[in-house]
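Assembly of the complex is requested from the two constituent chains, each provided in isolation within its own frame, with the hints serving as guidance.
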Amino acid sequence: AQTVTQSQPEMSVQEAETVTLSCTYDTSENNYYLFWYKQPPSRQMILVIRQEAYKQQNATENRFSVNFQKAAKSFSLKISDSQLGDTAMYFCAFRRPNDDKIIFGKGTRLHILP
Amino acid sequence: GAVVSQHPSRVICKSGTSVKIECRSLDFQATTMFWYRQFPKKSLMLMATSNEGSKATYEQGVEKDKFLINHASLTLSTLTVTSAHPEDSSFYICSARPGQGGTEAFFGQGTRLTVV
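Heads up: the sequence lines are chains A and B, in that order.
Last residue of the first sequence? That's 114 in this note's numbering, and every number before it is there in order.
Last residue of the second sequence? That's 1116 in this note's numbering, and every number before it is there in order.
If you are wondering where the hints come from, they were derived from the structure by calculation, not from laboratory data.
Each residue gets a CB set at the ideal place from its N, CA and C atoms; glycine is no exception.
Take the hints with a grain of salt, since some may be wrong.
Unchecked claim - Have a look at the derived ranges for each label pair, beta carbon to beta carbon:
1. P97(A) with H1085(B): 25 to 31 Å
2. P1008(B) with Q69(A): 26 to 32 Å
3. E15(A) with P1086(B): 35 to 41 Å
Claimed, not checked - Facing chain A, according to a computed beta carbon distance under 10 Å, are these residues of chain B, among others:
4. C1013
5. F1028
6. Y1036
7. K1042
8. S1043
9. L1046
10. F1067
11. Q1109
12. R1112
13. T1114
14. V1115
Excised from the complex, chain B in its bound form (with noise of 0.2 Å):
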């Protein structure tokens, strides 16, 4: 199956900082990506749409400001949690579909990030 790349897979940060996760889908394009947030033991709550070459489409209740999303390459989107605070420390996961046609999404390893 299609692979997606998700770096870093764990990552600590000091609150007030930003952080960068990268989204790679490593042999196939996607036009779309998504993130999702996954806090303990409970499902992967979709944050946003990531679209290639034009602006993220975000849910309702997600800071715009606070989870940058950019997606400046077929193979690449990169979220970035600005100003992390402690209640930012979660499970995030990517994923991408191929092409049209394809019917399954395939998702990163995630990335835990913890806010210090």
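With the rest of the complex left out, here is chain A (with noise of 0.2 Å):
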């Protein structure tokens, strides 16, 4: 079966710096989606970015990127130039190709401090 693990509970960095949320899954699977979410207090699920399993390149959108490393299971989340509307639960999510359930980690609680 597989998961995903996301070992730092809670973060909080100052403003404008750059700070690198922690994500390891586990899968048998050679093909895959890598997602993370973005929970601001409103309490509504945003993507934040996708990684599919087969594209070596990390995927970028503007001022987040990943990590990603195939090999060691491990998809990290750097967000640059941190801004307080960064303020939120960070998911990290896998899903399958063919099965439509998605698999989310315990989350990061990420603070911006002004």
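Written as structure tokens, this is what we have:
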């Protein structure tokens, strides 16, 4: 069975700093999708970034980028120039290509301090 | 991106009554929708997979008679919490993924249920 592990329950950084959120996963699949979702205080789940396992290039979306290490089964999220609006719960997630189920990690609560 | 609308956003009901939560895909058809439950400061726990035109698939430990799911059309799934009790108070979230080829799921705004 697939599992997703986020080892950092909570983190705090100063505004404008760079922060990295860790995520590891376990699967025997060769192809799959990985996601980072953000859940701000409004509780609305928002997709931050996604990575397809067959792509070696790390995904990037503006200030958000990932470090995807397939062999190590690691998928960390880097937020550059952090902003107050980045304060949220961040969930790492996994999905197999032919399966609609998304497996979520336990989340990392990120506080951006002014 | 695609839009999933969930209604109501908040509901308070008396213990013993039933409450229905709707999940609609506004600009795409979804043969499959998902219902999650989220406890405070916790992750999303998948409750069930809602399948259009057929019975829902429930995760282990989820009472199907307590949480009734109906997916009568390609754009609407409903979750009914029957005979609600205070321990059913929680945040419920639905999600859906557009047809074949779409990689990401879209989430509703969530429903905060309080049973008093």
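Against the structure, the hints come out as follows:
no.	hint	result
1	P97(A) with H1085(B): 25 to 31 Å	violated (39 Å)
2	P1008(B) with Q69(A): 26 to 32 Å	violated (43 Å)
3	E15(A) with P1086(B): 35 to 41 Å	holds (40 Å)
4	C1013	violated (19 Å)
5	F1028	violated (14 Å)
6	Y1036	holds (9 Å)
7	K1042	holds (7 Å)
8	S1043	holds (5 Å)
9	L1046	holds (7 Å)
10	F1067	violated (17 Å)
11	Q1109	holds (5 Å)
12	R1112	holds (8 Å)
13	T1114	violated (14 Å)
14	V1115	violated (18 Å)
Comparing the model with each earlier hint shows violations of hints 1, 2, 4, 5, 10, 13 and 14; every other hint is respected.
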